[in-house]
Amino acid sequence: MDERICVEDIFLSLGDRKVFRGFSCCFGRGQISIVMGGSGAGKSTLLRLLAGLQRPDRGSIRVAGEEITRLSERELFRVRDHIGMLFQGGALLDSMTVYENVALPLREHTRLAEPDIAAEVGRRLAAVGLPDTEPLYPRQLSGGMLRRAALARAIVTDPEIVLCDEPFSGLDPVNVRRIEHLLTDLSRKLGLTLILTSHHLPSSLRMADHIVFMVDGQALCGSPAELLASDDKRVSEFLEAEHNGHPRPAPGATGVWQAPS
Amino acid sequence: MKTPTLQALGFRTVSLVGHLGCIVVFIGEVVTYAVRRPFRARRLVNEVFDVGVLSLAIVCLSGATVGAVLGLQGYNTLSRFGAEGSLGAVVGLSLVRELGPVLTALLVTGRAGSAMAAEIASMVTTQQLDGLRMMSINPVDFVVTPKALAMLIAMPMLNALFIVFALFGGYLVGVVLLGVDSGVYVASLEHAITFEDDVAGTLLKSGIFGALVGCIATYRGYISEPTSAGVSAATTGTVVTASVAVLLADYVITALWGV
Chain A
0 MDERICVEDI
10 FLSLGDRKVF
20 RGFSCCFGRG
30 QISIVMGGSG
40 AGKSTLLRLL
50 AGLQRPDRGS
60 IRVAGEEITR
70 LSERELFRVR
80 DHIGMLFQGG
90 ALLDSMTVYE
100 NVALPLREHT
110 RLAEPDIAAE
120 VGRRLAAVGL
130 PDTEPLYPRQ
140 LSGGMLRRAA
150 LARAIVTDPE
160 IVLCDEPFSG
170 LDPVNVRRIE
180 HLLTDLSRKL
190 GLTLILTSHH
200 LPSSLRMADH
210 IVFMVDGQAL
220 CGSPAELLAS
230 DDKRVSEFLE
240 AEHNGHPRPA
250 PGATGVWQAP
260 S
Chain B
0 MKTPTLQALG
10 FRTVSLVGHL
20 GCIVVFIGEV
30 VTYAVRRPFR
40 ARRLVNEVFD
50 VGVLSLAIVC
60 LSGATVGAVL
70 GLQGYNTLSR
80 FGAEGSLGAV
90 VGLSLVRELG
100 PVLTALLVTG
110 RAGSAMAAEI
120 ASMVTTQQLD
130 GLRMMSINPV
140 DFVVTPKALA
150 MLIAMPMLNA
160 LFIVFALFGG
170 YLVGVVLLGV
180 DSGVYVASLE
190 HAITFEDDVA
200 GTLLKSGIFG
210 ALVGCIATYR
220 GYISEPTSAG
230 VSAATTGTVV
240 TASVAVLLAD
250 YVITALWGV
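From first to last, the protein sequence lines are chains A and B.
For the first sequence, numbering that gives the first Met the number 0 gives the first residue as 0, with consecutive numbering after it.
For the second sequence, numbering that gives the first Met the number 0 gives the first residue as 0, with consecutive numbering after it.
In short, the hints are calculated from the structure, not lab data.
Everything numeric in this text was worked out from a predicted model, so none of it was measured.
Ideal Cβ placement from N, Cα and C applies to all residues, glycine included.
Heads up, some of the hints might be wrong.
To be verified - Label-pair ranges, simulated between beta-carbon atoms:
id	chain 1	residue 1	chain 2	residue 2	range
1	B	Leu8	A	Ser71	52 to 60 Å
2	A	Glu7	B	Thr226	29 to 37 Å
3	B	Leu5	A	Arg61	39 to 47 Å
4	A	Asp131	B	Arg35	34 to 42 Å
5	B	Thr2	A	Ala228	49 to 57 Å
6	A	Arg177	B	Leu8	54 to 62 Å
7	B	Thr226	A	Arg187	53 to 61 Å
8	A	Lys17	B	Gly17	18 to 26 Å
9	B	Leu19	A	Glu72	15 to 23 Å
10	B	Thr2	A	Arg61	37 to 45 Å
11	A	Thr68	B	Thr31	22 to 30 Å
12	A	Glu74	B	Arg36	54 to 62 Å
13	B	Leu19	A	Glu107	27 to 35 Å
14	B	Gly257	A	Arg54	44 to 52 Å
All chains should be modelled from the sequences, with the hints used to inform the complete structure.
Set out below in structure tokens:
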């Protein structure tokens, strides 16, 4: 696997809680990787570590070949030029309209003229299914709309790596499919390295090339088929609980559970 | 028993030194971004509006009230010595040299400083500052510097307005209500106040207070915990720290420069 991001033997404690205990895993270039695990397993913290927003107590994180744990904030900006991030709450600037939020990275980092910026923003908002929301403020959007607008902002500069924290939570099935297709298309067409945390099992299994299952501060990595075939009790308990106790499909199945009739 | 106490003391000392270092770095960053391109003029104008224009009512009303009280108290005291004619000088000097800059700074801390800290702290809570970092935009450049600069710009102007309204309040009470001669009031005011010592001094003082309040408010918001309790702590911390800092700075400036 051509590794875009590699995490090696990281340890991190938050207060008395040891979130990462020798966590290691790699994320391949152009792959869609889904990070799964129970609540409090450290999925969002992992994304923050990969983005350089938080530093591990020890261990190494390489992004595009660069060790980021020792970089200064200014040096991290250089690395983050290649990364887009969708936060769980959207993290849109509430003093700005949706248009201004999505246009912000283009205004800050490109020399595009305002009409070109407007066209690009319109295109991205249409792609996430929010064509008429440009003049609205974040407080006027629902949770799902907010997250989609934030996704438009995260991808507007065509980053090489996109980190998405729970992109499907709070979305209706139509928009889950829409975002799923959008992200898959971006990854396949542009060779985007996509890392998502998600509890949405059907989407995760449809999209993922690679799954990282977080348990006890460590990572179990593999393909969706390998995950489904796993004998690890912690994995099987999680998967069955996520699917309301329905039995798991056989390894190598399409990855979508069928509820018993 | 001694060891934990010693450890705690050591921990507090190290933490305090670290904190002071953070403050110095933070202020250094604010100053750097204030003089470096891009100048965020639109954001700065919006912030000056928030700090300045939205504080007008409270500053003007408080100014007029303080001036009226000064006129009343000054008249009662001066009339014991038959020196009512010096009312303009007493009201003017106490306002321009002391009360104007200090009271304006305390009022603006309570209204705009606390709001500034709360806004930044809630941006921390909702990960908006992290969102900026992920767009390779430094939050100190984009959010903090325009706010701190706005405080620095607005404070002297608000101070000037406070003094004007206070002088008017003093005039109303002294001249209209208590019968001091209008010409005497204005002449004594004119005679007592000089531009170099008093007017320039009050502007300098309020500029320093503006910088202090701006830095404290933005810093307290910036380092706040990402919780609702963190927002609350940033707000109250700003009001307490900035108020004390203003009073201390007032003493130091007065002692050093006699302003």
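A quick look at each hint next to the structure:
Here the CB-CB span from Leu8 of chain B to Ser71 of chain A is close to 31 Å, at odds with the stated 52 to 60 Å. At roughly 32 Å, the beta carbons of Glu7 of chain A and Thr226 of chain B sit within the given window of 29 to 37 Å. For the pair Leu5 of chain B and Arg61 of chain A, the supplied restraint of 39 to 47 Å holds, since their beta-carbon distance comes to about 41 Å. At about 38 Å, the beta-carbon gap between Asp131 of chain A and Arg35 of chain B stays in the expected band of 34 to 42 Å.
The hinted range of 49 to 57 Å is satisfied by Thr2 of chain B and Ala228 of chain A, whose Cβ atoms lie roughly 55 Å apart. Distance hint check for Arg177 of chain A and Leu8 of chain B: the Cβ-Cβ separation is about 59 Å, which falls inside the suggested range of 54 to 62 Å. As the Cβ distance of Thr226 of chain B to Arg187 of chain A is approximately 40 Å, the hint placing it in 53 to 61 Å is violated. Between Lys17 of chain A and Gly17 of chain B the beta carbon distance is about 24 Å. The supplied range of 18 to 26 Å therefore holds.
Range check, Leu19 of chain B to Glu72 of chain A: Cβ separation about 19 Å, and the 15 to 23 Å hint holds. Taking the beta carbon of each, Thr2 of chain B and Arg61 of chain A are about 42 Å apart, inside 37 to 45 Å as hinted. Taking 22 to 30 Å as the suggested C-beta distance range, the pair Thr68 of chain A and Thr31 of chain B conforms, at roughly 25 Å. Taking 54 to 62 Å as the suggested C-beta distance range, the pair Glu74 of chain A and Arg36 of chain B does not conform, at roughly 20 Å.
About 32 Å separates the C-beta atoms of Leu19 of chain B and Glu107 of chain A, a value consistent with the hinted range of 27 to 35 Å. In this structure the hint that Gly257 of chain B and Arg54 of chain A lie 44 to 52 Å apart at CB holds, the actual value being about 49 Å.
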